[in-house]
Each structure stands twice: as C-alpha cells, then as structure tokens.
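> Using the hints provided, position chain S relative to the given structure of chain L.
These protein sequence lines map, in sequence, to chains L and S. In case it helps, our numbering puts the first sequence at residues 2 to 339. In case it helps, our numbering puts the second sequence at residues 2 to 339.
It is possible that some hints are incorrect.
All copies of an identical chain are treated as equivalent in the list; a pair is satisfied when it fits inside any one copy or across any two copies.
In silico DMTMM-like links for lysine to aspartate or glutamate, alpha-carbon gap of 20 Å or less [claimed, not checked]:
1) K32 x E268
2) K26 x E122
3) K102 x E59
4) K203 x D316
5) K102 x D9
6) K22 x E111
7) K48 x E295
8) K32 x D315
9) K322 x E111
10) K22 x E122
11) K26 x D36
12) K293 x D36
13) K22 x E71
14) K186 x E43
15) K106 x D9
16) K186 x E266
17) K102 x E12
18) K106 x D209
19) K106 x E12
Keep in mind that the hints were calculated from the coordinates and are not lab data.
There are 2 protein chains.
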Amino acid sequence: MTVQSISDLGEVGIIRLIQGKVSQKLPSYVKKGIDDDCAVLETPGDKVLLVTTDTLVEGVHFTNQTLSPEALGWKALAVNISDIAAMGGTPRTALLSIGLKTNSKVSFLESFMAGFNALAEKTGIVLAGGDTVESPSLVLITITLLGDCLPGSVVYRSGARVGDDVWVTGPLGNAAGGLFVLQGKQSGASSGYEPLVRAHQKPMPPLDVGKALGGSGLAHAMIDISDGIAKDLGHVCEQSGVGAVLRAASIPMSSQLLRLAAEAEKEALQWALHGGEDYELLFTASTADREKVESVTAELSGMAAVKVGTIMRDDGILLEKQRVRVPLESGGYFHFCK
Amino acid sequence: MTVQSISDLGEVGIIRLIQGKVSQKLPSYVKKGIDDDCAVLETPGDKVLLVTTDTLVEGVHFTNQTLSPEALGWKALAVNISDIAAMGGTPRTALLSIGLKTNSKVSFLESFMAGFNALAEKTGIVLAGGDTVESPSLVLITITLLGDCLPGSVVYRSGARVGDDVWVTGPLGNAAGGLFVLQGKQSGASSGYEPLVRAHQKPMPPLDVGKALGGSGLAHAMIDISDGIAKDLGHVCEQSGVGAVLRAASIPMSSQLLRLAAEAEKEALQWALHGGEDYELLFTASTADREKVESVTAELSGMAAVKVGTIMRDDGILLEKQRVRVPLESGGYFHFCK
Chain L
2 MTVQSISDLG EVGIIRLIQG KVSQKLPSYV KKGIDDDCAV LETPGDKVLL VTTDTLVEGV
62 HFTNQTLSPE ALGWKALAVN ISDIAAMGGT PRTALLSIGL KTNSKVSFLE SFMAGFNALA
122 EKTGIVLAGG DTVESPSLVL ITITLLGDCL PGSVVYRSGA RVGDDVWVTG PLGNAAGGLF
182 VLQGKQSGAS SGYEPLVRAH QKPMPPLDVG KALGGSGLAH AMIDISDGIA KDLGHVCEQS
242 GVGAVLRAAS IPMSSQLLRL AAEAEKEALQ WALHGGEDYE LLFTASTADR EKVESVTAEL
302 SGMAAVKVGT IMRDDGILLE KQRVRVPLES GGYFHFCK
Chain S
2 MTVQSISDLG EVGIIRLIQG KVSQKLPSYV KKGIDDDCAV LETPGDKVLL VTTDTLVEGV
62 HFTNQTLSPE ALGWKALAVN ISDIAAMGGT PRTALLSIGL KTNSKVSFLE SFMAGFNALA
122 EKTGIVLAGG DTVESPSLVL ITITLLGDCL PGSVVYRSGA RVGDDVWVTG PLGNAAGGLF
182 VLQGKQSGAS SGYEPLVRAH QKPMPPLDVG KALGGSGLAH AMIDISDGIA KDLGHVCEQS
242 GVGAVLRAAS IPMSSQLLRL AAEAEKEALQ WALHGGEDYE LLFTASTADR EKVESVTAEL
302 SGMAAVKVGT IMRDDGILLE KQRVRVPLES GGYFHFCK
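The following block holds chain L by itself, in its conformation from the complex (with noise of 0.2 Å):
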C-alpha cells in the first residue's frame, strides 16, 4: 500500500476531500458554498453578498521575470474581481493579505500596491483590512473579495440548458500567449506582442458585461476562464448535469496570438482551449436570445460576445473540428500535477 500525495490526489481530488469532510448541512443563509466562483451568502438586506478569495504564490502564479510588482498588485485584484463578475455581481471591499520576504525592497511593496490600487480605484473597490506576514522565501499575495448583487440576478455555474448557446465573451489563448512571450520561449522577433504580454500581466474582467447577463436574466451559467475553457467548460457541464460541444473554428483568438503560433511553430488552438488565466468569462443562453447577448456585449465591451458551442444531453464536452468530434481532454492548468 503505498501513501497517497497530494499529487495524486490533483487540484479537484483535494477539493472533494475538503467538501467530504465539512458538514453537509449547510444553514439556508449559505446559498452557495464550495462549488463556485464565489460563496454567495444570504444577507437581511434586498443584495446578497458575494465572498471569494484567490492567492498567488511566487514560483508557482508568477515570478520576477513575468508580472512586475506592479502587475502583480493589478493582477491578484483582477482574478478576485473575476470571480465576482462570473456571478454577475458588484465587487465592494477587498483584504489583503501579503507575504514579503525580509529581504524584500520597499520599492516593491509600493509598486505592488500602486497597481493594486490602479485597479481598485478603476473598479470602485475599498482595501479594508488585510494581515501581513514573513515570508521566508516566496512572495505570497491572498485577496479576499466581497460584492453584492440582486439575489434573481447571481448567475451559477448550474444554470445550463441543453440546447444552450455557449459564449465567451472575449478572446482566448492571449494570457498563454504572454507567458510564452514573457518566458522568453519565442524565437522571432518579440515586438507586437504588447497585447498578449498585457493578457497575461493586466487582465481587466469584463465586470460591466458580467453585471449585465446577470441582471437581464441572459445568462443561465456563467464562469470565469481562468484555467482554460476545456477544463472551465467542464465545471459548467458537470454541475448543470449537462455535455457541450465546442466549434474549434468558432473560438475567438487574436492575430497576434495567430502570429506567434506561426512564429514559434505552436498550435494557437491549444493555448486558446488550455492555456488559461484569460479571465474572459463563459456563459450559456437561448438560442431566442442571441441578438440581445451580442448587442448587450458590444455595447458595454466594444465586441460582442462570441458563440463558440451549444450545451448537449450527453456528458462530457466535445471538440468539433472540421466537421468531426472528438472527446476534448480537459488539459487546463492542474495544479499538484507532476
């Protein structure tokens, strides 16, 4: 008998371990808990309040060579906002926990905070609290986000109907893109990349967008790509009950992603399903509703959402590529994986 890991365990198998052992009954007031973008929790008010929270840690989410310090502040807010905007919420008041090594520069530290508060000045959020700690080797950077939204207006991951258009509203496969470029990893000319390399290091969730498909009743499921729309895809199908197919041809990518695909001889395709931390959102909606969801979304972002695949019967998600389906392999990013 051998002692499991945590790697063989993976990023879904610790969370199942971690919702096995927590109580199962949980009070009414907890609307929901572990299996979203946020925990969306009863309030005596008309608003429910929308609570997440995201960490980075250095080696693993970035390191010096691919987020500044002033990325980084920008960033660790951006993933939080993220999550409050695939419920179709308004993000309010964020604490921050920091890890600093001691050998840190105070310079970091205020370049950190002067793209964090870049964001949250853009984004109307208040810093209210927070903890900072030691570090012994690694920067660690914790955000915790609260919102509200309109209890009829949260948008869940479990809200698919089969017979759903599948959209996202942005395009896909830039973030990866940028680390690419960022990693060095490209051997052509590096120049015309700055909006990949922005993907990656500034990501501005389409809060406006993510407001509106929830307040208008649009979206039936929505959530952010922040792991890759095969394995973002997945947690949709799997909570709603539900398959999809994905149009290959559909997926929105950039013409600088397109080129650098060339360039470095990679398939664009690939970074577009599996890269992540695009932090676009996917949402699902009726057939009926097609013209209001790209109006909505070109008027509140510049460009319409895209549809990229319809929401099946059957388990599991489909790659359709040249008229043929294949099971597509959810190979986001995994955490714990060897």
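Quick look at chain S alone, frame taken from chain L:
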C-alpha cells in the same frame, strides 16, 4: 542612499505604507478599515459585518515540530475567531485558502481538515469556499472569517478612556512556554507542560466572553493578545490616544509556566509580556464596573478576568514592578525584523 528593505520598515511601517497608498476617503459603509482586529462593514440589516483574514506560513508561524497537521487546522481557524471575539462579534462563515506542497501527504490534508472541523463545529462556523494552490516549498494557510455583531455592541481598539481598568481574560505566556517546550529547549522533565503545549497548539479564544463584554457595553476597548500584551496594549493606547500602566505583579501566569521558567532559568514575565499567541482578550472597562466584569467573565469562562493595569493620560506604557515604573518596550513578536 541605500535601498530600503522590508526588514528596515518593520511590520508597522509596512501597514503604514499600505494605508498611505490607499484612499483615505473610505465610503460610509466602512465603519472600520485597516486599524482594528476586523474590518467593520455596515449592511442593510440590523447587524454589521465583521471580516478578518490571517495567514500562517510554514517556517514562520509553525513547523512540523511545533504543530501537527490537526493542530494547524485548529489554530489557523482559532486565530481568526480570536479577531472576531476581540470585536465582540459572532463568527459565521469561513473561506480557506490552502497552499500545499506536491509531496504533501493526503493524510496531512485529512488531519488538517479534522482539526479545522473540530473547532468549526464547536463554534458554529461554516466553510463556504476558498482556494487550493500549489506551493513550491512551504505549506500556506489563509483563512478569511466573516461574522456579525449588533452595531452598538462592536468594541473597537479606540475606545479606551483615561482611568479605565485594563483587564485580561486569562493567563499569559502559556503559548510562548508551550513553544519553548515544543522546540525542545527545556532541559528538565517534559511532563506536566501539556497546558502550555495546548495553549500554543490549540488555543480556544474566549468567544462568549468577548460577546458578553461587547453586548453588555462593559468593554470600552478590546483587542486579542496575539503579539504579546506589551505590543497589543500599545495598539489600544495608540488607537485611543492614551497611555497605560501595567502592573507586573498582577499579570496572570500559570503554575506550569512558572515551573518551566524556573527549570529553564528564564523569566516567566518576559514570556507573559512579549511571547504572544495567547489569544486571550485584553479590554478596558470603567472602574465602576469591576464587580460586573468579574462576575460576567467568571460565569462564562470559569475564570474571572484579571485586572492588570490602568489607562493613563500620558503617552506610552509603563511597567510597574516593585513600585517602580519603567517604560515598557513593546518587544512582542515582530515580523520582518532582522
């Protein structure tokens, strides 16, 4: 001109820097921001929301010598409960962000969750979300805890009044003594120190006492003793714009701590003043309420709170020892010091 490092700044300097970088115009719903044990947020309901977050980092806050995985799960939650207790509130909902090494054992996570759940069930806390990440070399735990309180019952650090008695809810120094034992530093017999070890590993914050002191209006100011009474009383004095005198002979210390100090040729008072991690409460109250304070605390915890000093007009904290008053150095646990 030398480049300042974080260790030059120290923990207080870091918090000041962060505070200086965020907007000073807090929206009116934020009743309390960075300066207290919890953020206090107004809600549309009849209660305010309390939010706190604390991070524990392997090698800084614990090692596998000082905390078993089960004790880590308990303590990571306890330190957050302590912050809610220090406001007079009731803890409700937790988010757990856990960073695990890929070679961590599954049994580590199972034991961690057992310790977490034992305390969560005892205190009625629900785990409603979180994050799981890979950490290259250190186990990382960040817990965010939400609670609530009637607005008039919240006790801030800033409410101490000149002439108030200064009270503590239990013996001090036990956790530091326990850490000393756990690190194998004591030379004599290791038996009989279980209460000290328990104080370090599985603190039980006096939640009911905190609630009663807030709800009754007896406590004017309150803080949890996480960094040592010298430092934590300093926070109360600073926030309240007062000073204090602390009477060495009044500080409650356990017989086990006194025995350990004698055997190890250490000064027990130093552990009590500066050791930290006791997670008792320090509060101030009117001298007219002495009997009420004693009866309320004795009834709820089995041990009456102990009067250890007096709030004074002047700045700074004096330690009165054998009728001589000397300035008390706030030598509690400082993160980021060389």
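> Looking back at the numbered hints, which does the structure fail to meet, lowest number first?
1, 4, 7, 8, 9, 12, 14, 18
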